[in-house]
Amino acid sequence: MNFIGYARVSTSGQTLDAQLEQLGGAGCDQVFKETVSGARSDRPELKKALDSLSDGDVLIVTRLDRLARSTRDLLDIVHTIETKGAKLKALADSWADTTSPTGKLILTGPVANISLV
1 MNFIGYARVS TSGQTLDAQL EQLGGAGCDQ VFKETVSGAR SDRPELKKAL
51 DSLSDGDVLI VTRLDRLARS TRDLLDIVHT IETKGAKLKA LADSWADTTS
101 PTGKLILTGP VANISLV
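Following this note's numbering, the numbering of the sequence shown begins with 1 at its first residue and continues without gaps.
Any given hint could turn out to be false.
[Claimed, not checked] Within a straight-line C-alpha distance of at most 30 angstroms, the following computed BS3-like cross-link-like pairs (lysine-lysine) qualify: (1) K104 <-> K33; (2) K48 <-> K84; (3) K47 <-> K104; (4) K33 <-> K48; (5) K47 <-> K84; (6) K33 <-> K47; (7) K89 <-> K33; (8) K33 <-> K84; (9) K104 <-> K84; (10) K104 <-> K89; (11) K48 <-> K89; (12) K89 <-> K47; (13) K104 <-> K48.
Source of the hints: derived by calculation from the structure; they are not laboratory data.
On a predicted model such as this, the values are computed, not experimentally measured, just so you know.
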């Protein structure tokens, strides 16, 4: 099991330092760093982070808004993570933790409902 971090800021005037410190404190083995708006679909570092995940790994972000800016985007990302057998954990959003049964239900329940439609 690996802990993979993903840190993102929206503009080059912002710093990743606080996120990197938190992700390091959470035990991340590797951190992918991005400076791009979360609303953009072309986020190469997020793609690399997702591609690097394998069964049992955990993708860690400091907050969910660092990962996605829309519900649709978040659900797509969670689906990608789950299909790889990996988990998601948002440090500041304790309910957004698919390593726990409750967090998994909260975040993957909507994905299951969408796939039934």
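So, going through the hints one by one against the coordinates:
no., hint, in the structure
1, K104 <-> K33, "25 angstroms, holds"
2, K48 <-> K84, "14 angstroms, holds"
3, K47 <-> K104, "22 angstroms, holds"
4, K33 <-> K48, "10 angstroms, holds"
5, K47 <-> K84, "13 angstroms, holds"
6, K33 <-> K47, "11 angstroms, holds"
7, K89 <-> K33, "17 angstroms, holds"
8, K33 <-> K84, "21 angstroms, holds"
9, K104 <-> K84, "14 angstroms, holds"
10, K104 <-> K89, "10 angstroms, holds"
11, K48 <-> K89, "17 angstroms, holds"
12, K89 <-> K47, "17 angstroms, holds"
13, K104 <-> K48, "23 angstroms, holds"
Violation of the numbered hints given earlier is absent; every hint is satisfied by the structure.
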